[in-house]
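We have chain L; now place chain A onto it with these hints.
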Amino acid sequence: MKRVLHFQVERRKRLSRDRLAQRRLSRGKNKVCLDAIKAPETLCINNHKAREETLRFIERIRRLASMKPGKITLDFRRTKKMISGGMLLICAELHYIKAVYRGIYFKGIPPRSQKCTQVFSQVGLSTFLHMPMVSASHEDVVYWRSAHGDCVDGQRYDEVLGPYSGALTDALQSNIYRGMIEAMNNAVQHAYEDDRADGLPQPGQQFKTWWMFSQEKDGRLSVVICDLGIGIPRSLPIRHGSIWSKLIAGLKAPPTDAMAIEAAVEVGKSRMETDGRGKGIADILDTVATEPSGICGIYSNSGLLMLQDGRMTRYNYDASILGTLIYWNMPLKKS
Amino acid sequence: MMTKTISIAKDFSRYPGGRFIKQGPWSGELFREQVLMPAINSGNKPVVIELDGTLGYGSSFLEEAFGGLVRLKGVSAKTVLSTFEFITGDPSLIEEIISYVKDADKKK
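Here the protein sequences line up with chains L and A, keeping their order. Counting with the numbering used here, you get residues 1 to 335 for the letters of the first sequence. Counting with the numbering used here, you get residues 1 to 108 for the letters of the second sequence.
Chain L extracted, bound-state conformation (with noise of 0.2 Å):
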């Protein structure tokens, strides 16, 4: 007896919460856009199940835009963590298709975090988004600074990391830069040869874009620089062919993304068919090589490869992030 009120008790609040929200949608309050794309709770690629969250968060927003290229809202309420390198991609991601798709409008739905909501502020996501702006006040977040580009360009740096010039080993500081302008070179020069096989068009041969975060926390700095282009594993074959084929010749099984990614370090380092080329992607790892306790990480496609403690180690994940991210990280100097 006792077992069938409570059933019917709580059948009834369930109605009565149902009907609640039913008269808050006809009447607009609290609406809620019934084809928005959540977005997962940590924005993430380095860790797996994250990464996979993050890079089907991406994809649906192309599939989306892809069949229906007009208003994506975009619901970013369950949003409670960012990792640098995963803003970093979607704050790409989204440039791009609104690159592809000029007539697309992106709306979001703040996150319920105030801490991820003042980020996108400070990052300019939220203009992007057409979401209310707000002032950084939490220390984590006040340090965050954004920059992109289509060329390359040293002044840049300023943008980004000028007010850590005097926190940074000047010695950290040039290798830094130099990594920097590697990567943009990278960027602008090879990363859009070819169809970057999203299932979008083409943005068009002028786009050459590349996006940089940086963030300060802990008495560390991390900085981060993407490109959406065809990525490392895809542009080796097409720029050292014959290295390409050397690796390829004693494998069994075709040469990960991973182990694509060390053979352009190992290009750059030997300078091999340098035919006029410098050290290339060597000069990215090496930012952090005169750092101790520096870590440097190359994201392309599905692959990984991390500088950290002085040892070299190579990942290969399920999902492409379809581009190239790299992430340093170093201490900053003790004031």
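One thing to keep in mind: the hints can contain errors.
[To be verified] Some chain L residues flagged as far from chain A (calculated, every beta-carbon gap over 10 Å):
| no. | residue |
| --- | --- |
| 1 | N47 |
| 2 | K49 |
| 3 | A50 |
| 4 | M67 |
| 5 | G103 |
| 6 | H148 |
| 7 | D194 |
| 8 | G310 |
[Stated by the list, open to error] Listed next, the in silico SDA-like pairs over lysine to any residue satisfying Cα-Cα at most 25 Å (straight line):
| no. | chain 1 | residue 1 | chain 2 | residue 2 |
| --- | --- | --- | --- | --- |
| 9 | A | K10 | A | E29 |
| 10 | A | K10 | L | P163 |
| 11 | L | K80 | L | A147 |
| 12 | L | K269 | A | E96 |
| 13 | A | K22 | L | Q206 |
| 14 | A | K22 | L | R239 |
| 15 | L | K49 | L | R60 |
| 16 | L | K333 | A | D52 |
| 17 | A | K22 | L | D194 |
| 18 | L | K269 | A | L93 |
| 19 | L | K68 | L | A99 |
| 20 | A | K22 | L | A147 |
[To be verified] So, partial list: chain A residues that the calculated Cβ filter (under 7 Å) puts toward chain L:
| no. | residue |
| --- | --- |
| 21 | G17 |
| 22 | G18 |
| 23 | Q23 |
| 24 | G24 |
| 25 | P25 |
| 26 | L55 |
| 27 | S59 |
| 28 | S60 |
Read the hints as simulated data drawn from the structure, not as lab findings. Note that the structure is predicted; figures quoted are calculated from it, not measured. Even glycine gets a Cβ: it sits at the ideal position worked out from N, Cα and C.
Just chain A now, kept in the frame of chain L:
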């Protein structure tokens, strides 16, 4: 004859860029054409190049500027290395430049 000194930071840019002019401002190609070639053509030796004061150098910039003198402009490595002297607090930059010049000479 007075030694000519060129400070890249003051006479060119504090922000050396990428390789080619078409890629963006203050490229290695621009530096070669605007600064290095006129210095070579003047016949004055040595020409001192101050490397310090910039934010840094991409390897593409250095290779295109100095290696490009040999690869593209037909200047001999011997002429390049006898014309230019370098001042910097980072000797690895000088080694790098010399290696680009010598490598370009080998590939001729």
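A closest beta-carbon separation below 7 Å is what the hint needs, so does G18 (chain A) meet it against chain L?
Check passed: Cβ of G18 (chain A) comes within 3 Å of chain L, closer than 7 Å.
Would the hint on Q23 (chain A) stand, with a C-beta cut-off of 7 Å toward chain L?
Where the cut-off is 7 Å and the nearest Cβ of chain L is about 5 Å from Q23 (chain A), the hint holds.
Just checking, G310 (chain L) versus chain A, shortest CB gap more than 10 Å?
Holds, since 19 Å exceeds 10 Å.
Beyond 10 Å from every chain A Cβ: check whether that's true for D194 (chain L).
holds (18 Å)
Does A50 (chain L) really sit off the interface, with its C-beta more than 10 Å from all C-beta atoms of chain A?
The assertion about A50 (chain L) holds, with a minimum of 33 Å to chain A.
Regarding the pair K22 (chain A) and D194 (chain L), is the alpha-carbon distance no greater than 25 Å?
holds (19 Å)
Is K10 (chain A) close enough to P163 (chain L), meaning Cα to Cα at most 25 Å?
holds (22 Å)
Checking one constraint from the list: CA of K22 (chain A) to CA of R239 (chain L), max 25 Å. Satisfied?
holds (19 Å)
Can the hint on S60 (chain A) be confirmed by a CB-to-CB distance to chain L that is less than 7 Å?
holds (4 Å)
Determine whether the non-interface label on G103 (chain L) survives the test: each CB of chain A must be over 10 Å from its CB.
holds (30 Å)
Does the claim that H148 (chain L) lies outside the interface with chain A hold up, using a Cβ gap greater than 10 Å?
Fine: 14 Å to the nearest Cβ keeps H148 (chain L) off the interface.
Given the hint that K10 (chain A) pairs with E29 (chain A), test it: the Cα-Cα distance must not exceed 25 Å.
Given pair K10 (chain A), E29 (chain A) holds - Cα atoms ~18 Å apart, limit 25 Å.
Comparing the model with each earlier hint shows no violations; every hint is respected.
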